[in-house]
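The primary structure of each chain is shown beneath.
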Amino acid sequence: MNDHRRPVLAIHAALIAVLAGLQVVIPPFHHTLVARIMVLAAYATGYNLLLGYTGLMSLGHAMFFAAGMYGTGLPLLYLGLGAPQAVLIGVAASIVLSTAVGMLTLRTSGVSFLIVTLMFAQVFYLSTLYFNRFTLGDQGFVLSGHLHPITIGPIRFALTDPAVRYNLALATFGGCLGLSLWLVRSPIGRVLVAIRENEDRTRLLGYNPFAYKLLVLVISGAVSGLCGSVYAVITSYVGASFAAILYSIYPLLWTLLGGPGTTLGPLVGAAAMTYTVEVASRFTSSYLIVVGGALVILVMRFPSGIVGGIRRRWAPWLP
Amino acid sequence: MTLEGRLFLALLEGIVTGFILALIALGLSLVFGVMRIVNVAHGEFFMLGAVCAWSVASWTSSFALAVVAAPILVGAIALLVNRIVLRPIHYEPQATIVATIGLLYIIQQLVLTLYGPYARTVTPPFYLRIDFPWFGYSGYKLAVAGASALLLWLTWRVVSTTTLGLYMRATQQDQEMAQAFGVPVYRVYAVAFAIGAALAAIAGALIIPIQPAHYLMGLDALLASFTVVIIGGLGSLGGTLAAAFLIGLSDGVVSVFFSPTLARIVSSALVALVLVFKTGGLAGNDTN
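These protein sequence lines map, in sequence, to chains A and B.
Count along the first sequence from 1, add 2, and you get the number used in my numbering.
Count along the second sequence from 1, add 11, and you get the number used in my numbering.
Read the hints as simulated data drawn from the structure, not as lab findings.
Please note that the accuracy of each hint is not assured.
[To be verified] Ranges of calculated distance between the beta carbons of each label pair, as one might list FRET restraints:
# : chain 1 : residue 1 : chain 2 : residue 2 : range
1 : B       : L284      : A       : A173      : 34 to 44 angstroms
2 : B       : T124      : A       : G139      : 22 to 32 angstroms
3 : B       : L284      : A       : P86       : 35 to 45 angstroms
4 : A       : Y277      : B       : A160      : 48 to 58 angstroms
5 : B       : G176      : A       : P189      : 49 to 59 angstroms
6 : B       : L284      : A       : P189      : 32 to 42 angstroms
7 : A       : A16       : B       : A191      : 51 to 61 angstroms
8 : B       : L284      : A       : N210      : 22 to 32 angstroms
Treat the numbers as computed from the prediction; the structure is a model and nothing was measured.
Glycine residues also receive a C-beta, built at the ideal position from the N, C-alpha and C atoms.
The shape of chain A in the complex, shown without the other chains:
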């Protein structure tokens, strides 16, 4: 139950403040990495709404991420739109895709749901390769010449400026974290958890599980699309590798590591794992072995993840 004396909102606000302050402290060379981690953490936050709170494990979220990415990158490249319009198109594309995919995949459950989402994502990935005349396939394309500065009032923001990119990533993460926190504490969030725990009983109580699952899948898809879109802007790159299976497995891994069903887990998982992968890739070309090792160890020994473990032991009031 909500315990209003507990500092839930304060903790989340403090986290955002710390991340905002971090850009002054850390060397500029780390800015890009932290900005990337924040966007990926927001992606995992969207994934967690589905896995952690609704109990649906998807193996196809890369298609929503990539839909946002291409939905933003292609208009920037071919139509010369401004970045805000392009981001909106990216999010709209991911909403359309997740609605269509959700209507189909949510007819299945359990293991079938996993395989169906995997196969739809595979169709999306192969399509980005097949239409390589427009998408430039595996090679991808660079956006640096196509990101025009944004003017808000008297201030001009150059999207190539690392500080602007950092704060864009921070705003994206903050927005997604806020959305997630609000959603899981709202009555809708309670119904989602009820569906996770016992779908039949929830239906018996008069709720329509399909409608709720579709809603959360579309929200999750839209968040993923937004992150793909922002990721394209802050890295100036769009490529088919972001639609491949690995980018569906990453948010699963980050969520499991941080703690499924916790609002803060995805950030913890994404940060820890991205850093580990980054370090491992300096020493060996087989760095993806840390991904495999982490998945096996987590599922065998720590199914509730880092924040889940903290919640169980010290802070049962954490959302």
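Please build the complex by placing chain B on the supplied structure of chain A, with the hints as guidance.
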């Protein structure tokens, strides 16, 4: 080449691909049927088979020995994986999927470390050129199709006539009831998992004179065998064979006339739609 020529080539390639695919998919189907788990690392057993076979063949310069050794080695690895990873998580469906995704990366990256990023092939054990009116065709490819057919038949005999097969079918129908009747269910699981891996490994070993052994070859094999198992329906050898030919042939025809990528888009979409619109889920009686 004339249209008939191209069509015949597509047909021939489709049949050969179909047999190999059936062999890999049968392993996946066996594991899913008996143990009720989806083994995402199944494609890596196929890749391990190819890599082991290449290593054995280059050490001993005997391809026959390689084809025998690869499934034994890979079967032993599978037994180990079953004991260390799958049994401790009690074969719980979702946890098993996550764990086998992890195993996929562990196996793949270990092979990258130990074997390297090379694509290596071996010379076929014999040269035989079969001349058709339009082109000459590798006799080895036809021999692979024949060997696959033999192995499929052998597996079917084991499952339908031996005590081990009886145990497997009993476990598949009702695990608890089988246990109550004295079937050593966990041992049956281990054996089924090892046989499934060994079938994929033999396919990997047989294929290296045609297609080079490479550490990333597992994923395509996995997705193709998912396709076959899901379209063919589980637990039926006939269905698996029919689906493997369907996929092999349509893949061959679409690849020859259009593009391989388009063929894979079509088959992936088909799998997804079959699962969505077939009532009853993956196994037909999967109430999960």
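### Task
Kindly indicate which numbered hints from before are broken by the structure, ordering the numbers from low to high.
Those not satisfied: there are none.
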